[in-house]
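Visitor: So you can see what is in the structure, the chains are spelled out below.
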Amino acid sequence: MTDPLALVPKDPERQTAKDFKTDQEVRWCPGCGDYAILAAVQGFLPELGLRRENVVFVSGIGCSSRFPYYMNTYGFHSIHGRAPAIATGLASSRPDLSVWVVTGDGDALSIGGNHLIHSLRRNVNLKILLFNNRIYGLTKGQYSPTSEVGKITKSTPMGSLDSPFNPISLAIGAEASFVARTIDSDRKHLQSVLRAAAQHNGTALVEIYQNCNIFNDDAFLPLKDPARRDDVTVRLEHGEPIVFGAERDKALRRTPSGAIEVVSADEPGILVHDAKAEDPSLAFSLSRLDSPTFEHTPIGIFRQVERPTYDQLMREQLDEAVAQQGPGDLAGLLASGDTWRID
Amino acid sequence: MTKQVQQLDRVIIRFAGDSGDGMQLTGDRFTQETAAFGNDLSTLPNFPAEIRAPAGTLPGVSSFQLHFADHDIVTPGDAPNVLVAMNPAALKANVADLPRGADLIVNTDEFTKRALTKVGYAENPLEDGSLDEYRVHSLPLTSMTVKALEDFDISKKDAERAKNMFALGLLSWLYHRPTDATVRFLELKFAKKPEIMKANIAAFQAGWSYGETTESFSVSYEIKPATLPPGLYRNISGNTALAYGLVAAGSRSGLPVFLGSYPITPASDILHELSKHKRFGVRTFQAEDEIAAVGAALGASFGGSLGVTTTSGPGISLKSETVGLAVATELPLIVIDVQRAGPSTGMPTKTEQADLLQALHGRNGEAPVPVVAPCTPSDCFAIGIEAARIAVKYRTPVIVLSDGYLANGSEPWQIPDVESLPEITPGFAEAVEGEDFQPFKRDPETLARPWAIPGTAGLEHRIGGIEKADGTGNISYDPANHDLMVRLRQAKIDGIARDIPPLAVDDPSGAARVLVLGWGGTYGAITAAVRRVRAAGGRIAQAHLRHLNPFPANIEEVLRSYDKVVVPEINLGQLALLLRGRYLVDVIGYNRVRGLPFKAEELQTVLQDVIDS
Chain Y
1 MTDPLALVPK DPERQTAKDF KTDQEVRWCP GCGDYAILAA VQGFLPELGL RRENVVFVSG
61 IGCSSRFPYY MNTYGFHSIH GRAPAIATGL ASSRPDLSVW VVTGDGDALS IGGNHLIHSL
121 RRNVNLKILL FNNRIYGLTK GQYSPTSEVG KITKSTPMGS LDSPFNPISL AIGAEASFVA
181 RTIDSDRKHL QSVLRAAAQH NGTALVEIYQ NCNIFNDDAF LPLKDPARRD DVTVRLEHGE
241 PIVFGAERDK ALRRTPSGAI EVVSADEPGI LVHDAKAEDP SLAFSLSRLD SPTFEHTPIG
301 IFRQVERPTY DQLMREQLDE AVAQQGPGDL AGLLASGDTW RID
Chain H
1 MTKQVQQLDR VIIRFAGDSG DGMQLTGDRF TQETAAFGND LSTLPNFPAE IRAPAGTLPG
61 VSSFQLHFAD HDIVTPGDAP NVLVAMNPAA LKANVADLPR GADLIVNTDE FTKRALTKVG
121 YAENPLEDGS LDEYRVHSLP LTSMTVKALE DFDISKKDAE RAKNMFALGL LSWLYHRPTD
181 ATVRFLELKF AKKPEIMKAN IAAFQAGWSY GETTESFSVS YEIKPATLPP GLYRNISGNT
241 ALAYGLVAAG SRSGLPVFLG SYPITPASDI LHELSKHKRF GVRTFQAEDE IAAVGAALGA
301 SFGGSLGVTT TSGPGISLKS ETVGLAVATE LPLIVIDVQR AGPSTGMPTK TEQADLLQAL
361 HGRNGEAPVP VVAPCTPSDC FAIGIEAARI AVKYRTPVIV LSDGYLANGS EPWQIPDVES
421 LPEITPGFAE AVEGEDFQPF KRDPETLARP WAIPGTAGLE HRIGGIEKAD GTGNISYDPA
481 NHDLMVRLRQ AKIDGIARDI PPLAVDDPSG AARVLVLGWG GTYGAITAAV RRVRAAGGRI
541 AQAHLRHLNP FPANIEEVLR SYDKVVVPEI NLGQLALLLR GRYLVDVIGY NRVRGLPFKA
601 EELQTVLQDV IDS
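So the protein lines, in turn, are chains Y and H.
Okay, so the first sequence: first residue is 1 according to the UniProt record's numbering, each after it adds one.
Okay, so the second sequence: first residue is 1 according to the UniProt record's numbering, each after it adds one.
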């Protein structure tokens, strides 16, 4: 497997979470899920041991997009929806950087939907953290493209009319090579997914269910409530049978049509998770298990496959051009084609 | 048969035919032959936006005009001396531009009743006397071509398609053009289809021989090479020159060029050209849309590349927000707008100068951006380097306003010595021991902020579109700080006026009372008009702006030195509005928005009228 961080310089010193904190006051609402994600990211980055100056966080607009200000790395807080485009230019011209995109459900899936799907299909070496709280926070509480149908908000007093995107299904449909979901409140799981994303060669999309306690509090309650969460959370582990439930008594099985059904764990033919399957249909079927009522919600890595990255192919073309024609010669270029001399 | 050879000092030829007739290629080959011969020249391609409009219709007509001379010329010419019309539509669309006595070469094979009716000719104009004031050469070009190629193993359709090469051969004979390069070109173009290659070369040679033997042409013409300054020359179009300018800027700055682009007429050729130059480390990224194209370019600039995006008017509209972000983050970025007729989709293949105010003001907030405009196809090379120089030195986006006329038009270009090109110093920031890095601490002279690229230890910092505190760059909503930052950003751009050449005025008489002031692609037409006015005894001063923001420092002084200032523009008076607004000078606008360049003759009349009034 190609190491996407092979070209990124390593810090000889041992790092701690503190190294990644800035002196800026964090300005999210008290109780926001973003705090937990920030702490998890700052806590996990030292593991990679990369030089801080070779790490870049690029964001769009929204609450989550303030993230770069709190990371003591290079950072670019850009404009609404465009972070994947800006990060694409950066990552494809600088293989020595570890480039992370921080975005939200509105930023990534509404105004920036086009850039998101195209960066996924291109497979540029980017790690996209999509904070999904199913609401617009920074504009104070309108429904988002991941809000459930019928959502009552300031802009939809009689309920929202449009069906939500399932970010995981969307990413798989857009040919993403790495697709995962995790939850802000489960630090251990969050960090394990970030670790895998960092080590993935190509674009990684990590959906993080994130609580907005002001405008959409407890949107993911069934996945967080100690009384219920083990019953509905389906933890995907590559190569492991997909068994879940507080008593580990439920499991997933594929029906002949390719869909997935929930069966008793002692039934035959229990599905073994294969994130590395070339065929994306299993990952896609798993993504469809999620529902607004969270009866059984998969978290973990849905899909993780190797394919060439855009930035590497681009570098190879430059190298190939030099190998075939020699390095650029400006005087030669200017005088190419039909020329004539006047004495 | 001995034929007479007549000397001419200049000729304007227009090739016109159906979009599928290969008129652009024919014109381009004739241009290359003419350039190689050493004439000065200027070209004007004119084609529909549709790739293949219905055959034989007026909207499907494509033409290529070439002006060549034994002396220095500056425009593709007002009216053709020779029109080659490959079908009735081409005749109908172009005949009105022909002056009395002009040569008209017509492909009679296409003048069928059906084809005539399609474009509304009730009678055959070749027979009804309506073309009596021209020297008409009625030739069955298609059937002569087919006959010349009957021994070749190709389809009738392929043989018919070679008729443009027959016409090119005939014109090459008529004007004593060298033919070797065209033969070489055909060998290369059809290298994979040897039979088609041989047939096209044969058609080209048959056209030449026909000229030599036919009685239809008793005279051929010689136009001596022009006496241009000594040096090595090539023919170059504006888009190619701009692409080369960007490669040169990368080379002179040591910065890798990163082009983010989305295909759009008439800018796409810059993307095509730059994508060929990967060995210079040029990265070209065809983005999913205009916004991603400029976004990726800005991201690359943040990483220390020379970020460039190329587009035309509609694309500029889409890129506005990102250009604003580049203003706020103060990063180098080159935004090339090859203007076309608008609004909205407008006329994609037709030229215009109507994006000036958008370039200057088309962003939210106070978002000043330097704007430069090339004045000739070959000047596009220099303007590419100048845009990069300003962008890098002042850490700012720079908008280049080229246009469709410059982009596709071509002229001889004296190839510059690489060492003579300006050097550009990126001056990346480096950490200073014991000092906290301040990403918005400015250079006292240029007011530029440091360009600190990722990978530089000790300079980790965050930038973005939110207002920043002076110096530290931390988020700031402080009222006084915002006022200061708005003024600093403006002062930085205004200060560039000290770093560009003063506006030069050309007035050989020294006694002119009228100034004509232009900008961008109208330079050739205005210059030709000024020469005519002077040749007729009139006194007129001429100045031309390549820097539109900021203006050269002496512009007000120049404006005030004349009784009258005429400003011709291919828009409804955008530069005039700026000059009136800033300097309270009552400039006289001359504005035509037809999708075509000005004609020297019309401007001559306009200028003479102002002088006389």
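In short, the hints are calculated from the structure, not lab data.
Everything numeric in this text was worked out from a predicted model, so none of it was measured.
Note that beta-carbon positions come from the ideal geometry of N, C-alpha and C, so glycine has one too.
Check the hints yourself; a few may be wrong.
[Unchecked claim] Okay, derived cross-link-like pairs now, SDA-like style, lysine to any residue, Cα gap no bigger than 25 angstroms in a straight line: (1) H:Lys441 - Y:Asp23; (2) Y:Lys18 - H:Thr456; (3) Y:Lys21 - H:Pro140; (4) H:Lys276 - Y:Gly326; (5) Y:Lys21 - H:Lys156; (6) Y:Lys250 - Y:Val263; (7) H:Lys156 - H:Pro140; (8) Y:Lys10 - H:Asp97; (9) Y:Lys21 - H:Glu430.
[Stated by the list, open to error] Reference listing, derived: stretches of chain Y covered by chain H, where coverage requires no fewer than 3 residues with Cβ under 8 angstroms from a Cβ of chain H: (10) 44-54; (11) 68-81; (12) 94-102.
Visitor: Please go over all the hints and tell whether each is borne out by the structure.
Guide: Checked hints:
1. H:Lys441 - Y:Asp23: 18 angstroms, holds
2. Y:Lys18 - H:Thr456: 20 angstroms, holds
3. Y:Lys21 - H:Pro140: 81 angstroms, violated
4. H:Lys276 - Y:Gly326: 13 angstroms, holds
5. Y:Lys21 - H:Lys156: 75 angstroms, violated
6. Y:Lys250 - Y:Val263: 6 angstroms, holds
7. H:Lys156 - H:Pro140: 15 angstroms, holds
8. Y:Lys10 - H:Asp97: Given that 25 angstroms is the threshold and the Cα spacing comes to 70 angstroms, the pair is violated.
9. Y:Lys21 - H:Glu430: 22 angstroms, holds
10. 44-54: holds (count 4)
11. 68-81: Since three or more residues must qualify, the claim that chain H covers the segment 68-81 of chain Y holds, with 11 doing so at under 8 angstroms.
12. 94-102: holds (count 3)
Against the hints set out earlier in the document, violations occur for numbers 3, 5 and 8.
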